[in-house]
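For the protein sequence lines, the chains are A and Y, in the order given.
Each residue of the first sequence is one higher than the one before, counting from 1 in the UniProt record's numbering.
Each residue of the second sequence is one higher than the one before, counting from 1 in the UniProt record's numbering.
Accuracy of the hints is not assured; some may be wrong.
[To be verified] From the structure, some residues in chain A lie toward chain Y, with a derived Cβ separation under 7 Å:
| # | residue |
| --- | --- |
| 1 | Glu8 |
| 2 | Thr143 |
| 3 | Val154 |
| 4 | Glu200 |
| 5 | Glu274 |
| 6 | Gln310 |
| 7 | Ala311 |
| 8 | His330 |
| 9 | Leu360 |
[Claimed, not checked] Where chain Y lies over chain A, by a calculated footprint (3+ residues, C-beta under 8 Å):
| # | segment |
| --- | --- |
| 10 | 206–216 |
| 11 | 370–379 |
Just so you know, these hints were derived from the structure itself, not from any lab.
Quick reminder that beta carbons are idealized off the backbone N, C-alpha and C, glycines included.
Number of protein chains: 2
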Amino acid sequence: MSEETTPESLPLSGVTVVDLTQVIAGPFGTMNLGDLGAEVIKVEAVGRGDRSRGIQPTPAYFDTINRNKRSIEVDLKTEDGQQIVRELVADADVFVESTKPGRVESFNLAYEDLREVNDSIIYCSISGFGSDSPYENLPAWDTLVQAMSGIMSVTGEEGGQPLWSGLPSGDLITSMYTTQSILAALYARERGDIDSEWIEVPMLDAAISWLSARAGHTFGTDEPFPRLGTRHPTIAPFGLFSCRDENIVIAAGTQSLWTDFCAVLEREDLLADERFETMHDRSQHPEVLTEIIEAELASASADVWVDRLQAADIPAGPIHDTKSIWADEHVVRRNLKRTMEREGRDDAEVIDHPVHFSSLQTHLGTPPEELGESTDGLLARYGYDEAEIERLREQGVVGTGDDA
Amino acid sequence: MSEETTPESLPLSGVTVVDLTQVIAGPFGTMNLGDLGAEVIKVEAVGRGDRSRGIQPTPAYFDTINRNKRSIEVDLKTEDGQQIVRELVADADVFVESTKPGRVESFNLAYEDLREVNDSIIYCSISGFGSDSPYENLPAWDTLVQAMSGIMSVTGEEGGQPLWSGLPSGDLITSMYTTQSILAALYARERGDIDSEWIEVPMLDAAISWLSARAGHTFGTDEPFPRLGTRHPTIAPFGLFSCRDENIVIAAGTQSLWTDFCAVLEREDLLADERFETMHDRSQHPEVLTEIIEAELASASADVWVDRLQAADIPAGPIHDTKSIWADEHVVRRNLKRTMEREGRDDAEVIDHPVHFSSLQTHLGTPPEELGESTDGLLARYGYDEAEIERLREQGVVGTGDDA
Numbered sequence: 001m002s003e004e005t006t007p008e009s010l011p012l013s014g015v016t017v018v019d020l021t022q023v024i025a026g027p028f029g030t031m032n033l034g035d036l037g038a039e040v041i042k043v044e045a046v047g048r049g050d051r052s053r054g055i056q057p058t059p060a061y062f063d064t065i066n067r068n069k070r071s072i073e074v075d076l077k078t079e080d081g082q083q084i085v086r087e088l089v090a091d092a093d094v095f096v097e098s099t100k101p102g103r104v105e106s107f108n109l110a111y112e113d114l115r116e117v118n119d120s121i122i123y124c125s126i127s128g129f130g131s132d133s134p135y136e137n138l139p140a141w142d143t144l145v146q147a148m149s150g151i152m153s154v155t156g157e158e159g160g161q162p163l164w165s166g167l168p169s170g171d172l173i174t175s176m177y178t179t180q181s182i183l184a185a186l187y188a189r190e191r192g193d194i195d196s197e198w199i200e201v202p203m204l205d206a207a208i209s210w211l212s213a214r215a216g217h218t219f220g221t222d223e224p225f226p227r228l229g230t231r232h233p234t235i236a237p238f239g240l241f242s243c244r245d246e247n248i249v250i251a252a253g254t255q256s257l258w259t260d261f262c263a264v265l266e267r268e269d270l271l272a273d274e275r276f277e278t279m280h281d282r283s284q285h286p287e288v289l290t291e292i293i294e295a296e297l298a299s300a301s302a303d304v305w306v307d308r309l310q311a312a313d314i315p316a317g318p319i320h321d322t323k324s325i326w327a328d329e330h331v332v333r334r335n336l337k338r339t340m341e342r343e344g345r346d347d348a349e350v351i352d353h354p355v356h357f358s359s360l361q362t363h364l365g366t367p368p369e370e371l372g373e374s375t376d377g378l379l380a381r382y383g384y385d386e387a388e389i390e391r392l393r394e395q396g397v398v399g400t401g402d403d404a
Numbered sequence: 001m002s003e004e005t006t007p008e009s010l011p012l013s014g015v016t017v018v019d020l021t022q023v024i025a026g027p028f029g030t031m032n033l034g035d036l037g038a039e040v041i042k043v044e045a046v047g048r049g050d051r052s053r054g055i056q057p058t059p060a061y062f063d064t065i066n067r068n069k070r071s072i073e074v075d076l077k078t079e080d081g082q083q084i085v086r087e088l089v090a091d092a093d094v095f096v097e098s099t100k101p102g103r104v105e106s107f108n109l110a111y112e113d114l115r116e117v118n119d120s121i122i123y124c125s126i127s128g129f130g131s132d133s134p135y136e137n138l139p140a141w142d143t144l145v146q147a148m149s150g151i152m153s154v155t156g157e158e159g160g161q162p163l164w165s166g167l168p169s170g171d172l173i174t175s176m177y178t179t180q181s182i183l184a185a186l187y188a189r190e191r192g193d194i195d196s197e198w199i200e201v202p203m204l205d206a207a208i209s210w211l212s213a214r215a216g217h218t219f220g221t222d223e224p225f226p227r228l229g230t231r232h233p234t235i236a237p238f239g240l241f242s243c244r245d246e247n248i249v250i251a252a253g254t255q256s257l258w259t260d261f262c263a264v265l266e267r268e269d270l271l272a273d274e275r276f277e278t279m280h281d282r283s284q285h286p287e288v289l290t291e292i293i294e295a296e297l298a299s300a301s302a303d304v305w306v307d308r309l310q311a312a313d314i315p316a317g318p319i320h321d322t323k324s325i326w327a328d329e330h331v332v333r334r335n336l337k338r339t340m341e342r343e344g345r346d347d348a349e350v351i352d353h354p355v356h357f358s359s360l361q362t363h364l365g366t367p368p369e370e371l372g373e374s375t376d377g378l379l380a381r382y383g384y385d386e387a388e389i390e391r392l393r394e395q396g397v398v399g400t401g402d403d404a
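Take these sequences, add in the hints, and give me the full structure.
Here it is as structure tokens:
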């Protein structure tokens, strides 16, 4: 988490990733690789770039998922543009793409093409449904993946309609499998078990794998897992409760937590109430129990109740939103929101990598770049002289850095 | 994905993980390591085991997150029990734990303790809030992490209360960072950059990192990201729509998708309607647009409309639940639900690992075991003879395999 890193302290130091992904699924995964020390070269379409550069609010949305990447602006429909990427890949370890089916082939950037220039490349394809699916050509929007994977079906009020999980879960689950699978392949290559590798990460399959615990309900009962709002089928008190001003969450999920909870409420009389004797009893009377609890919680504010409950080590806390969370004592102490300074531009606000190591480190190295910010620098590093760069720019093979 | 693996084809072949985690966050992460070829030795409390062995429906719930693990039943409050784990760790590569603060120290299984028996151990601690938090002693239930991280705040109906994301997201996000961080450390160790390593994965921080795209809204506007049900703030038509029988999801998120969508509806007249001319126009009139669309969708069933829309490559699909999904054509073709046979027990139903490799493989090796199923086998492998095992069992140091 420290900014002071030595090359050896970054697990992926010296690893180069050529990144032909956009929006969230690919970029969040390659950001993880960058946080771990890889150099990520983000290849973007001339004049347009990653579609998420246009998602409101700009550039804040894009900035949160694109640190630690160098942006190069290349027209992959041109032979010269394809040649640039082949040269990047020749020196790289990993290539990641999330283009539409058939697109990398049309760019001459398929696995077989890139193996010709780099026989130890790890090539990762992110797609909606993989290469052997009835839905192969269907654009895999996150909301569609949430619907088709079952994620929406378990999200929502009891008796209400299925809802989004709020986070772009279909995308982010895919990101994590992308990072994980690339790391596994790098490890196998380092051990000498493989030369190069091709990896397919299908969004729908990735999302379905996360159903595991919920699908266990179906595998055991042959019933779909229900939507429960914030309730738990067999634990009470559990979920959202109103205090005088705001809601809080309480999860008094064991018998001893129930005893402690009644003590904090100064309602030890409830311990003698037959309706609430065992967890099973309590879960059979959730409505009357909630009514009794909320009558007590109405006497003070959410802040006060959270303090009292947490002081007794009862799992309870505020329901933060994406603004209030940054003032939380834990979040402030651990410095989770970071500002990355940029010369000549507004600073970027980002969320720090969450994992701590002892001798290894993660880093916030390069702030999110503007479209094509590193085009010239990268071309120069790969041997292009100024005249060549000028020619490529005039012919539209590389961008001018101006967003269209 | 194939069952026929050679040692070299599993990226983590030869890697041994000693696993002192339970419920979801740790076990889903170590299952990932097992899928990738690691041998995972699951250390469970005598007579009780992983708490999730008791979560209904049993054993289906537990089975979905505990394949590829060997169960050994050990009382860590005894010196002999601690010695057994030290011997396992002496030969292992990775140790993962998710016990309460102070617990591993009381078991003499802290990082410093285990480095004495294995100076190349990668030691991963999963906790709710990490070791430097005002909430350090608070039990980190998934629902609490969802509340405190902001995940609940973006989940729910417009104007309604915050809801769970349905999946145990706080746990599963933690799982993925656990797998990823261990892989990064294994890679660094293989390159010779580190000897041993200590890793801290805090659930709350992990969950907060997933806010990235949503927090971008706040960083750019200073406003919390709203709850939107299934609506999108700037895209229409988008979300859940009712057909004659059931709901489907449609995401016509570009101008050309809108044109194609109107063609499928046979309502090209809408293209000339001023209210719907641009994406911005359509997103300003979501209610009247939904009314018009649902009037058309009422003429046929969800199945029919999904076929028609998908045939035109429009992102649209069914809203599967945790039961209906297993009959989906894609899920069947890719064989995502698998049955693992067990001798003398009912088979286990599991969801396959979602990622495909070319030369590397993942596997479904060992089916989920009963509590302590491998106790004797593992003790024998580590040099305990029958008399010693008998003594340990009589003294309650290792279990009898009977669930209490």
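Does leucine 360 of chain A meet its interface restraint, that is, does its C-beta lie within less than 7 Å of any C-beta in chain Y?
holds, 6 Å
Tell me if alanine 311 of chain A is really an interface residue toward chain Y, meaning its C-beta lies closer than 7 Å to one of theirs.
violated, 10 Å
Residue hint valine 154 of chain A, partner chain Y, criterion CB-CB below 7 Å
holds, 3 Å
So, as I understand it, the hint says histidine 330 of chain A touches chain Y; can you test that by seeing if any CB pair is closer than 7 Å?
Holds, about 5 Å.
Annotated coverage of the segment 206–216 of chain A by chain Y, confirmed only when three residues or more have a Cβ within 8 Å
With 10 residues closer than 8 Å to chain Y, the segment 206–216 of chain A meets the three-residue bar; holds.
Report holds or violated for chain Y covering the segment 370–379 of chain A, Cβ cut-off 8 Å, minimum 3 residues.
This one is violated; 0 residues, fewer than the three required, reach chain Y with a Cβ under 8 Å.
Interface hint for glutamate 200 of chain A, Cβ within 7 Å of any Cβ on chain Y
Interface hint status for glutamate 200 of chain A: holds (4 Å vs cutoff 7 Å).
Hint validation: glutamate 8 of chain A versus chain Y, beta carbon distance must be below 7 Å. Holds or violated?
holds, 5 Å
Hint check, glutamine 310 of chain A versus chain Y [nearest Cβ-Cβ separation less than 7 Å]
Holds, about 6 Å.
Take the shortest C-beta to C-beta distance between threonine 143 of chain A and chain Y; is it under 7 Å?
Status holds, d = 5 Å.
Given glutamate 274 of chain A as an interface hint, is the shortest Cβ-Cβ distance to chain Y below 7 Å?
Violated - the Cβ of glutamate 274 of chain A stays beyond 7 Å from chain Y, reaching only about 23 Å at its closest.
Checked against the numbered hints given earlier, this structure breaks hints 5, 7, 11; the rest are met.
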